[in-house]
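Asker: Starting from the given sequences, assemble the full structure and let the hints guide the process.
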Amino acid sequence: MIKSVLLISRQAPWAGLGAAEALDIALAAGAFDLPLSILFMDDGVLQLLDKQQPQTLEQKDLSANLQALPLFGIEQLYVAQHCLAQRGLDHRTLAVAAEVLDDSQIQQLIRQYDYVMTL
Amino acid sequence: MAMKFVISVLSASHAPSTRRALRFAQATLAAGHEIVRVFFYQDGVLIASNNIVVAQDQQDIAKQWQTFIAEHKLDAVVCIAAALRRGVLDQAEAQRYQRDAVNLAGVYQLSGLGQLHDGLQQADRFISFGGE
Amino acid sequence: MTTLHILNASPVHASQLNSCLRVLSVEDAVVLCGEAVQALRIGSEAAKQLQACDRAYRLYALEEDVCARAIDLADLPVTLLDYPAFVALCVEYARVNSWT
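Residue numbers (our numbering), protein chains in the order written: chain A, 1 to 119; chain B, 1 to 132; chain C, 1 to 100.
Careful: at least some of the hints might be erroneous.
[To be verified] Below are the DSBU-like pairs computed for lysine-lysine, each with C-alpha atoms no more than 35 angstroms apart in a straight line:
1) Lys-4/B / Lys-73/B
2) Lys-4/B / Lys-63/B
3) Lys-63/B / Lys-3/A
4) Lys-73/B / Lys-63/B
5) Lys-3/A / Lys-60/A
6) Lys-60/A / Lys-73/B
7) Lys-73/B / Lys-3/A
None of these hints come from the bench; they were simulated from the model.
Answerer: Dropping the structure here:
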């Protein structure tokens, strides 16, 4: 039986390699056709914001990787509502489609997966 | 009941979580469980460097990891992409990128994230150690 | 199917504790190790958060980390673990979520 993974991504996009290296785990799962979903939480929600300008930091734009996820079969993206609210972001459009979940929905989400990996 | 573990290490050799990972791995085998793979990712790839020098009065956790892996013939995989960007190279990669130093310790193998997922599909439990 | 959450960061410095307590399910367990054991200090805000969680969960801490830090334990039902007990706990729970 194939085992599923929930990847919880908590790092801000321009705070080091954490965010990109978490996404690489997702892309690798997709490349091997393995079931993996991503939940963006804490500063990880910042990866989804539109209108970011990473080129001013001479950084690669992560949104290309995010947009590639469905092409790799990673379609389920979730984002924690309370983390958006904490950062004053509820009203913002996200650059990538992600389902917004409240705390109790996240509790249920975690229980659906064989593995949970938090980066 | 004996279980199959995949253990992932995400922090460098001086981090408390890296020592914790080793003590956990030792206890896992002592309890009769199997470690399918130890996967080194993010700063954890730095543990695989041959060049770490630790003061005499301190614990050499990188060395202890090497000894542990060798003793139990564990499958210790270091993520190649993470290793390259942190300067940990084997012979092949040093040649490919024309770098002077080969510093991947012999008990480790460079490979891709696919090995992490392959391990997870075989295992019963996954635990990672990283951060502080 | 229950989850074992492992926290290792300072409750003041990082958001692991806050976030973990929000997404904890009933019957999950929390293991505090590294700087996360600071949450056991009597009178601390973090200890109060642990006490106030509205879902029943089991609380554990790595004994070596508690001992190292001269912690006066808050009134919490915490079980101290050595490494063999830590491994046994990981076997008992369906999944292990290490917060980093």
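Asker: Evaluate each hint against the coordinates.
Answerer: Results for each hint:
{"no.": "1", "hint": "Lys-4/B / Lys-73/B", "in the structure": "holds, 15 angstroms"}
{"no.": "2", "hint": "Lys-4/B / Lys-63/B", "in the structure": "holds, 25 angstroms"}
{"no.": "3", "hint": "Lys-63/B / Lys-3/A", "in the structure": "holds, 34 angstroms"}
{"no.": "4", "hint": "Lys-73/B / Lys-63/B", "in the structure": "holds, 15 angstroms"}
{"no.": "5", "hint": "Lys-3/A / Lys-60/A", "in the structure": "holds, 32 angstroms"}
{"no.": "6", "hint": "Lys-60/A / Lys-73/B", "in the structure": "violated, 39 angstroms"}
{"no.": "7", "hint": "Lys-73/B / Lys-3/A", "in the structure": "holds, 26 angstroms"}
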